[in-house]
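Asks: Chains as they are written, first to last, in the numbering used here: chain W, 1 to 346; chain A, 1 to 346; chain L, 1 to 346.
FYI, nobody ran anything at the bench for these hints, they're computed from the structure.
Any given hint might turn out to be false.
Same chains, same names: a pair is fine if it fits in one copy or spans any two.
[Unchecked claim] Computed list of lysine to aspartate or glutamate pairs in DMTMM-like fashion (alpha-carbon distance at most 25 Å, straight line):
| hint | residue 1 | residue 2 |
| --- | --- | --- |
| 1 | K146 | E244 |
| 2 | K190 | E93 |
| 3 | K311 | E333 |
| 4 | K320 | E308 |
| 5 | K296 | E324 |
| 6 | K190 | D204 |
| 7 | K337 | E324 |
| 8 | K193 | D77 |
| 9 | K321 | E308 |
| 10 | K320 | E277 |
| 11 | K193 | E7 |
| 12 | K259 | D226 |
| 13 | K45 | D187 |
| 14 | K193 | D114 |
| 15 | K193 | D204 |
| 16 | K296 | E308 |
| 17 | K296 | D307 |
| 18 | K45 | D63 |
| 19 | K321 | E333 |
| 20 | K95 | E161 |
Predicted model, so just to flag it, every value in this text is computed and none were measured.
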Amino acid sequence: MVLQLGEIAAQIGAQLQGDPDVEVEDIAPLHRATAQQLSFLSSSKFADHLQSTAAIAVILHPDQQAHFSGNCLLMADPYLGYARAAALFHPFEQKQQGIHPSATVDPTATIAADAWIGPQSVVMANVEIEPSVYIGPGCVVASGSKVGRNSRLMGNVSLMEDTVVGESCIIHAGAVLGSDGFGFANDGGKWIKIPQLGRVVVGDRVEIGANTTIDRGALEDTLIGDGVKLDNLVHIAHNVQVGEDCAMAAMVGVAGSTKIAPNCTFGGQAGVVGHLEIVAGTHCTARTLVTHSIHKAGVYSSATTADENRKWRRNSVQFKKLNESVQRLRRVEQKIKQLDEREEDE
Amino acid sequence: MVLQLGEIAAQIGAQLQGDPDVEVEDIAPLHRATAQQLSFLSSSKFADHLQSTAAIAVILHPDQQAHFSGNCLLMADPYLGYARAAALFHPFEQKQQGIHPSATVDPTATIAADAWIGPQSVVMANVEIEPSVYIGPGCVVASGSKVGRNSRLMGNVSLMEDTVVGESCIIHAGAVLGSDGFGFANDGGKWIKIPQLGRVVVGDRVEIGANTTIDRGALEDTLIGDGVKLDNLVHIAHNVQVGEDCAMAAMVGVAGSTKIAPNCTFGGQAGVVGHLEIVAGTHCTARTLVTHSIHKAGVYSSATTADENRKWRRNSVQFKKLNESVQRLRRVEQKIKQLDEREEDE
Amino acid sequence: MVLQLGEIAAQIGAQLQGDPDVEVEDIAPLHRATAQQLSFLSSSKFADHLQSTAAIAVILHPDQQAHFSGNCLLMADPYLGYARAAALFHPFEQKQQGIHPSATVDPTATIAADAWIGPQSVVMANVEIEPSVYIGPGCVVASGSKVGRNSRLMGNVSLMEDTVVGESCIIHAGAVLGSDGFGFANDGGKWIKIPQLGRVVVGDRVEIGANTTIDRGALEDTLIGDGVKLDNLVHIAHNVQVGEDCAMAAMVGVAGSTKIAPNCTFGGQAGVVGHLEIVAGTHCTARTLVTHSIHKAGVYSSATTADENRKWRRNSVQFKKLNESVQRLRRVEQKIKQLDEREEDE
Numbered sequence: 001m002v003l004q005l006g007e008i009a010a011q012i013g014a015q016l017q018g019d020p021d022v023e024v025e026d027i028a029p030l031h032r033a034t035a036q037q038l039s040f041l042s043s044s045k046f047a048d049h050l051q052s053t054a055a056i057a058v059i060l061h062p063d064q065q066a067h068f069s070g071n072c073l074l075m076a077d078p079y080l081g082y083a084r085a086a087a088l089f090h091p092f093e094q095k096q097q098g099i100h101p102s103a104t105v106d107p108t109a110t111i112a113a114d115a116w117i118g119p120q121s122v123v124m125a126n127v128e129i130e131p132s133v134y135i136g137p138g139c140v141v142a143s144g145s146k147v148g149r150n151s152r153l154m155g156n157v158s159l160m161e162d163t164v165v166g167e168s169c170i171i172h173a174g175a176v177l178g179s180d181g182f183g184f185a186n187d188g189g190k191w192i193k194i195p196q197l198g199r200v201v202v203g204d205r206v207e208i209g210a211n212t213t214i215d216r217g218a219l220e221d222t223l224i225g226d227g228v229k230l231d232n233l234v235h236i237a238h239n240v241q242v243g244e245d246c247a248m249a250a251m252v253g254v255a256g257s258t259k260i261a262p263n264c265t266f267g268g269q270a271g272v273v274g275h276l277e278i279v280a281g282t283h284c285t286a287r288t289l290v291t292h293s294i295h296k297a298g299v300y301s302s303a304t305t306a307d308e309n310r311k312w313r314r315n316s317v318q319f320k321k322l323n324e325s326v327q328r329l330r331r332v333e334q335k336i337k338q339l340d341e342r343e344e345d346e
Numbered sequence: 001m002v003l004q005l006g007e008i009a010a011q012i013g014a015q016l017q018g019d020p021d022v023e024v025e026d027i028a029p030l031h032r033a034t035a036q037q038l039s040f041l042s043s044s045k046f047a048d049h050l051q052s053t054a055a056i057a058v059i060l061h062p063d064q065q066a067h068f069s070g071n072c073l074l075m076a077d078p079y080l081g082y083a084r085a086a087a088l089f090h091p092f093e094q095k096q097q098g099i100h101p102s103a104t105v106d107p108t109a110t111i112a113a114d115a116w117i118g119p120q121s122v123v124m125a126n127v128e129i130e131p132s133v134y135i136g137p138g139c140v141v142a143s144g145s146k147v148g149r150n151s152r153l154m155g156n157v158s159l160m161e162d163t164v165v166g167e168s169c170i171i172h173a174g175a176v177l178g179s180d181g182f183g184f185a186n187d188g189g190k191w192i193k194i195p196q197l198g199r200v201v202v203g204d205r206v207e208i209g210a211n212t213t214i215d216r217g218a219l220e221d222t223l224i225g226d227g228v229k230l231d232n233l234v235h236i237a238h239n240v241q242v243g244e245d246c247a248m249a250a251m252v253g254v255a256g257s258t259k260i261a262p263n264c265t266f267g268g269q270a271g272v273v274g275h276l277e278i279v280a281g282t283h284c285t286a287r288t289l290v291t292h293s294i295h296k297a298g299v300y301s302s303a304t305t306a307d308e309n310r311k312w313r314r315n316s317v318q319f320k321k322l323n324e325s326v327q328r329l330r331r332v333e334q335k336i337k338q339l340d341e342r343e344e345d346e
Numbered sequence: 001m002v003l004q005l006g007e008i009a010a011q012i013g014a015q016l017q018g019d020p021d022v023e024v025e026d027i028a029p030l031h032r033a034t035a036q037q038l039s040f041l042s043s044s045k046f047a048d049h050l051q052s053t054a055a056i057a058v059i060l061h062p063d064q065q066a067h068f069s070g071n072c073l074l075m076a077d078p079y080l081g082y083a084r085a086a087a088l089f090h091p092f093e094q095k096q097q098g099i100h101p102s103a104t105v106d107p108t109a110t111i112a113a114d115a116w117i118g119p120q121s122v123v124m125a126n127v128e129i130e131p132s133v134y135i136g137p138g139c140v141v142a143s144g145s146k147v148g149r150n151s152r153l154m155g156n157v158s159l160m161e162d163t164v165v166g167e168s169c170i171i172h173a174g175a176v177l178g179s180d181g182f183g184f185a186n187d188g189g190k191w192i193k194i195p196q197l198g199r200v201v202v203g204d205r206v207e208i209g210a211n212t213t214i215d216r217g218a219l220e221d222t223l224i225g226d227g228v229k230l231d232n233l234v235h236i237a238h239n240v241q242v243g244e245d246c247a248m249a250a251m252v253g254v255a256g257s258t259k260i261a262p263n264c265t266f267g268g269q270a271g272v273v274g275h276l277e278i279v280a281g282t283h284c285t286a287r288t289l290v291t292h293s294i295h296k297a298g299v300y301s302s303a304t305t306a307d308e309n310r311k312w313r314r315n316s317v318q319f320k321k322l323n324e325s326v327q328r329l330r331r332v333e334q335k336i337k338q339l340d341e342r343e344e345d346e
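Using the sequences and the hints given, assemble the complete structure.
Replies: Here it is, written out as structure tokens:
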């Protein structure tokens, strides 16, 4: 695709300093861009590349303009400019329509004329597939489920019974939505299964990563708000509510019935135990374990981080005596106070 | 389904205080139950709802009876009552029998007449599928595997060669049983694969979560005992033994050859390193890392938990000097002892 | 398969002490080996079994030879001998060739004559499948992908667009390669997707575990070096580079753009944050969280480990006051210094 620089500037919301008629073929990193390609500077760490890049134009912050003599697309957030420009050059195009002959579609399913049901996929009873939906190869859409307009299931995705996916969602390969929640009552040492009767309901513009799992609710629904982004291998348990525009990096786990308000972020391998409430604007760094509700927006952390094994051994042994050490410290403080008072008495 | 209250009481083992002839249509949470529905109070946290619920009857603990004027089903464990009542209203029904025309079934496989092999599934050579088994859409049952009576593979499940699944098991979508264990010998920096010749053998009444993986043994089998419940994205390595009625929440990992005795529980993201033995009745809270065998039943923990990032930064820096700080504390104690003795000498 | 002991010794590089003409049928653990089977002693922990084993021959370290009176295969690394011998008895044999009639293969795909495309698999446009490749049941190989000679996709594997897999790789069930990286720009609270335009490129002799996910790069490729071994449920984010012969145990996560040099190992549940560089010969124990680049080869750790919950509670509370306690320690040290000086002044 060829776009003119002036058109790109208008579309991404940048101020153009240069020739609007220049033709651009794609976007690439500074060090690799050709004379037909646009590039961007999103971190001053890479500012050195501005001198050597062959890019015909660069998206950058006004503060960096002085360091580049070529065509500039000036924006307060060049990374956002990159995102928008890349989408201009690489729009998703739904090229196929209809039902692949190898797919299995139940006669009671409703499939929009311009949707695509890929090879070896299974669409079961009473499913509703809206217009422009893409169901990739090997997917299962179980009975009663609904996939909203423009949404895409990339491949080998499983939507279990009665799952609802909103519009313009992307569900990556291997993701499972609507598996049973982990609900058991204990009957004298034996686990009795509690039927999981709720659904998974996913809003619009949600992206769900590869092999991520979202369980159906026990009695109520598990809810994923509009605009939520979940990375790969994330686990969302039954009855969880994830608020709008939350983002969770890979391997985050959220236990049952926890409610997360909008605009929270969770770094990789973070975890949240069950039945908590997390206020909007909470940000947890990688590997943070949240065991109490968070009532105040902010940044939270908990992990201990890598050290030489030899040092770590000694420190982690002392972690197990930490309370004891603090008691010793207290006794020392008291003793010093006594000594000090004795001194003064003398 | 409509059931009479007296019948429900008898089936779930509750003492009825009220009208046995009342007709009940389903079970629902207190705040949402209609006048045709049963509800339950499993935590005193929700006792306020007793006043306002429209439920025609409530399962509750005898201590709570005074707070509810309607029909009561009294039980020491109302949560167990809820589990049993929900199962009464929502029994699993195997509605389909036979082999879907889109499935691929090897002629050497033995399939019980009333089992169901779902669309796009693959059943390979010498597989044995017992009566009332449900193989959902997109599943793979590799050669030599066996699925016991009443068990269900929900969709896109992979049972690799020679896997044995007992009776009345539920294996959720995306789970993989029988993948190769992670076994390599190091040959001058290069990894040499060790053929994984054992199997995965799963007992009866086991539930395995979505996208969970259980590796086959190296020379012996990986064993999952009767009644075990594994949540989503759990990893069980080769040669592990998980004892009867153990339960593992999502994202738990157990490394190779570890033996876990019956009736243990593991919170989400817990981990157990290889070649350990864990005694019966061990309970690990979320994110616990077990690096030594556990010989005494009880509750174990290890994680550090969320704090404001600003505070955490300072504390985690000190964690890396913890042993050093304890040495300082020791010197302080010695010095005080000296000072104290000097005082006394004077 | 029956092999003579002399032949085995030659093939595995062991020194034979005993009868080279003895016939051996398989390899088994010491306690279970029959008189037709070979065994091995890889840990002195099991040396007791040498007295009682029925094995016709044992691979062991020369130091252990005195404890076994039967046929010995002497090697400095008996575990490596076991790996090699097991591979002799259990070579992978590609028994099938061609395309199963239930598979869907795009006419533009190139499939080597002796490759196998398993039942219900999907091979899309312009895919290249080299000789002796095994594509198991239910796999998806999306358009533009290439699978190198002798490589095997075990079942329900997803290779997304343009993924490149080298020669002699094994990709276990449920793995996903080439899913979109987790790339978003934030536009006033809303996440804007960044098209993920790079690929996943996997070298030769790589093994990838069940339900592991490897994301495609944003602009450049995600690279997995020759000989890398990844266990189950591992996550490799976009633009990561994993150097040759690295090994990662289950549930390891590596965040975006991190570069890991050759010959590193990561224990289960370890994590590495994004944009780091890890030097060759780095070894991280289980659950280690790496938040800074590692410039010096060695062993690294970070986790706190299991303790009785009652003790852990007190210690983890003190972790949150650790910096404060160290300040108290500092004040105590100062006070002691004062007291000491005062003493001396007197």
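Asks: Run every hint past the structure and note whether it holds.
Replies: Now for the hints, and whether the structure bears them out:
In the homo-oligomer, the alpha carbons of K146 and E244 lie at most 25 Å apart inside one protomer (20 Å), although the nearest pairing across protomers, at 38 Å, exceeds that limit. Taking the shortest alpha-carbon separations for K190 and E93, only the inter-copy value of 23 Å comes in at or below 25 Å, while the best intra-copy value is 52 Å. For a Cα distance limit of 25 Å, the shortest separation of K311 from E333 across copies, 23 Å, qualifies, whereas the shortest one inside one copy, 28 Å, does not. In this homomeric assembly, K320 and E308 come within 25 Å of each other (Cα to Cα) both inside a single copy, at 19 Å, and across copies, at 10 Å.
In this assembly of identical chains, the alpha carbons of K296 and E324 lie at most 25 Å apart only when taken from different copies (22 Å versus 31 Å within one copy). In this assembly of identical chains, the alpha carbons of K190 and D204 lie at most 25 Å apart only when taken from different copies (12 Å versus 40 Å within one copy). With identical chains, the CA atoms of K337 and E324 are at most 25 Å apart both within one copy (20 Å) and between copies (19 Å). In this homomeric assembly, K193 and D77 come within 25 Å of each other (Cα to Cα) only across copies, at 15 Å, whereas the closest approach inside a single copy is 51 Å.
In this assembly of identical chains, the alpha carbons of K321 and E308 lie at most 25 Å apart whether taken from the same copy (20 Å) or from different copies (12 Å). In the homo-oligomer, the alpha carbons of K320 and E277 lie at most 25 Å apart only across protomers (21 Å), although the nearest pairing inside one protomer, at 30 Å, exceeds that limit. Within a single copy, K193 and E7 get their C-alpha atoms only as close as 59 Å, which misses the 25 Å cut-off; across copies the closest is 20 Å, which meets it. Taking CA atoms no more than 25 Å apart as the test, K259 paired with D226 passes inside one copy only; the shortest distance there is 15 Å, against 34 Å between copies.
Proximity of K45 and D187 under a CA criterion of 25 Å is satisfied inter-copy only: 22 Å between copies versus 60 Å inside one chain copy. For the identical chains of this complex, K193 and D114 are inter-copy neighbours only, at 24 Å across copies versus 41 Å inside a copy, given an alpha-carbon limit of 25 Å. Taking identical chains as interchangeable, the C-alpha atoms of K193 and D204 lie at most 25 Å apart only when they sit on different chains, with a minimum of 14 Å there against 32 Å within one chain. In this assembly of identical chains, the alpha carbons of K296 and E308 lie at most 25 Å apart only when taken from different copies (10 Å versus 35 Å within one copy).
Taking the closest pair of Cα atoms, K296 and D307 come within 25 Å of each other only across two copies (11 Å); inside a single copy the shortest separation is 31 Å, beyond that limit. In this homomeric assembly, K45 and D63 come within 25 Å of each other (Cα to Cα) only inside a single copy, at 14 Å, whereas the closest approach across copies is 56 Å. For the homomeric pair K321 and E333, the shortest alpha-carbon distances inside one copy (18 Å) and between copies (16 Å) are both at most 25 Å. In the homo-oligomer, the alpha carbons of K95 and E161 lie at most 25 Å apart only across protomers (15 Å), although the nearest pairing inside one protomer, at 28 Å, exceeds that limit.
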